[in-house]
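Visitor: Position chain B relative to chain A; hints supplied.
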Amino acid sequence: MSYYEPKDLADFPNIGEWAAEQGNTFFEYYGAATGAGKLTEREKSLIALTVAMTQNCPYCIDAYTTKCLSLGVSDEEMMEAAHVGAAMMAGVTLAHTTQMRKIIKKKEM
Amino acid sequence: MDASEQLKILGAIDAIPSFFEKIRKNDKVPLVAKSIDILQINVGRVCNLACRHCHVNAGPNRKESMSRPVLQKCLAVLEAFPISTIDITGGAPEMNPHFEWFVSEAARLKRRLIVRSNLTLLTQGPYRRLPKFFAENRVEVVTSLPDYLEGKSDRQRGAGVFHKVIEAMRELNRLGYGMEGSSLVLDIVHNPVGAYLPGSQAALAHEYRDRLLTGHDIRFNQLFCLTNLPIGRYLDYLLASGNFEDYLSTLCQSFNPIAVDNVMCRTTLSVGWDGSLYDCDFNQMLDLKVNHDAPDHIMDFDMQKLAHREIVINNHCYGCVAGAGSSCQGATTGV
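Protein sequences, first through last, are from chains A and B.
The first sequence: position 23 = 23 (my numbering), numbered continuously.
The second sequence: position 189 = 1189 (my numbering), numbered continuously.
Chain A extracted, bound-state conformation (with noise of 0.2 Å):
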């Protein structure tokens, strides 16, 4: 058994559940957000994608796996984005090592 079963995806329309306000605000958030809009759907499938894999959501890869093959997103093209999102966390860490850095060498003799 698993935390997360792959049903689960189709519940997302009910995320707002006991709080309808900000769930339908969300929504339509969500909506104006990941829409066509200066960056076309396709870019923005993408973006989703790899933020879904750095996040570690298997719901929103899932459905964004799916949304870009329905795109025509290819292969190849999927497995790039991924690795952008995978230099990008490598990145993020080590840029964090500055911190690290810098206090090693003001704490160090």
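Heads up, some of the hints might be wrong.
As the list claims (entries may be wrong) - Simulated pairs of lysine-lysine, BS3-like, Cα-Cα distance not exceeding 27 Å: (1) Lys1034/B <-> Lys7/A; (2) Lys1164/B <-> Lys7/A; (3) Lys1073/B <-> Lys1034/B; (4) Lys1152/B <-> Lys44/A.
Unchecked claim - To give a feel for the contact side, a few chain B residues facing chain A, derived at Cβ under 8 Å: (5) Pro1030; (6) Glu1150; (7) Phe1255; (8) Asn1256; (9) Pro1257.
Hint data in this document are derived by calculation from the structure and do not stem from the laboratory.
Here the structure is a predicted model, which is why all the values come from computation and not from measurement.
We put the CB at the ideal spot given by N, CA and C, even for glycine.
Guide: Showing chain B alone in chain A's frame:
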């Protein structure tokens, strides 16, 4: 798998309500035709290809081919009634021995005349004359190109098919098809190469236009996005790949009540190779003839009874009302 086995499988899904129940809850029963604007004529199930998504199960081993008397009756019906679109499909319609005669006769009626061609035959032998023949008869050519990437497209249609389609499209462009300022129309059909729904038709059209122009110097008019229906070889694929239940659930969860109002069966009548009548090509492949007191053979054509007939439905109908809706001319809502 024959039609009755397929219907048994489609009827045995516990996880989703029946299509009838779904549209009943949305106050859409009975589903009734509005008119007959399109006469879609399936002139045979023989084809030079055997694509993995084919709901017709068409292929080189099929023998079904529409006879001259049935074709003549189709022409008589078209002459007698103002049906605005003649849509010739198959299999590979070019492989019907009466194809060129029928297209010439249909062209004289000055309706919108569509031929659905896989284009691969147009680069071979005696079929090489067809692009010019199509142009002379003002045929609107609709072809399938499931993806703009060769590898992905060929995974669905067979090795080497993409290359032949591109070659034929270049010849059609040379004759004026799909070109700015020309009235010769070349449309492309996109089918997902897998167990998922097509994305936004506008977004995909943009990608196809850009990639086919920059990669192959090809131009076309419209892109039609079609949902794969769980019938024929596509049903075989869903079952073999373990995607059947998830795909049917996806279709049900993506149910769009507006798409029900715009389903193509409300304005289309499908004629089978033997003259039998169906609400659509999908019903044809499941052997679900028109019913509810409407005549089920072209020889008994009766416009009064057929134009407002009740549509025969089953669970495969979820495919035409999922997401943006699907028809032989692409998305049916919000395009």
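Visitor: Hint by hint, note whether the structure agrees.
Guide: Hint by hint, here is what the structure shows:
no.	hint	in the structure
1	Lys1034/B <-> Lys7/A	violated, 38 Å
2	Lys1164/B <-> Lys7/A	violated, 41 Å
3	Lys1073/B <-> Lys1034/B	holds, 23 Å
4	Lys1152/B <-> Lys44/A	holds, 22 Å
5	Pro1030	violated, 29 Å
6	Glu1150	violated, 11 Å
7	Phe1255	violated, 12 Å
8	Asn1256	violated, 14 Å
9	Pro1257	violated, 16 Å
The structure fails hints 1, 2, 5, 6, 7, 8, 9 (numbered hints given earlier, in ascending order).
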